[in-house]
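Q: Sequence:
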Amino acid sequence: MTASIMPKSVQAQEIKLTMAGTSAILKNESDLALNEKNQRILQLETFLKKYNSPLSSYAKDFIETADKYQIDWKLVPAITGVESTFGRQIPYNSYNAYGWQNGGYRFNSWEESIEKVTKTLKEKYYSRGLDTPYKIGPIYAPPSKTWAGRVSMFMKQIENFQTSNSSSLSLTI
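For the sequence shown, the tail end lands on 189 under this note's numbering, and the numbers increase by one without skipping.
Just so you know, these hints were derived from the structure itself, not from any lab. Heads up, some of the hints might be wrong.
Claimed, not checked - Derived PhoX-like pairs: lysine-lysine, alpha-carbon spacing no greater than 20 Å straight-line: (1) 132 - 76; (2) 138 - 151; (3) 84 - 140; (4) 151 - 172; (5) 172 - 161; (6) 53 - 76; (7) 135 - 84.
Required output: the full structure, derived from the provided sequences and hints.
A: Pasting the structure below:
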């Protein structure tokens, strides 16, 4: 009788251990995702500051809105680089760093402009399979032959930009 009790007790302990280990992994994955998001925010904010962009304090808005609409987080900031030198050259109080209506469109705030442009890119471009600057460019910026290449260049610069807080440590498991 004692022999049959021992395996059940050991088996129950193994199940508890497995369950605890799984929840710990999920928390770590959540922490990693949050850390990655914070790193992107810092990276974009520092990149935009390098260009003296009025958009630098809106890096979090760019990242969160891109994540919300599931588009590349570098796309909208890169478009501002091409269209307005990262928001530095826009019609007065237009918040239009994106070249909408050849600069004639007016937004009420940077937050509104980031939301509207990102949502439109998702609904009118990404949803139709137009998910790279080279696919977007002929519709977004006709007849420009250089728009897509310049947007791609800024996306690569943002992606490769190193902040002073960046670490070169790598974790190997």
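Q: Are the hints correct? Go through all of them and say.
A: Hints and how they fare:
no. : hint      : result
1   : 132 - 76  : holds (15 Å)
2   : 138 - 151 : holds (13 Å)
3   : 84 - 140  : holds (16 Å)
4   : 151 - 172 : holds (17 Å)
5   : 172 - 161 : holds (19 Å)
6   : 53 - 76   : holds (9 Å)
7   : 135 - 84  : holds (9 Å)
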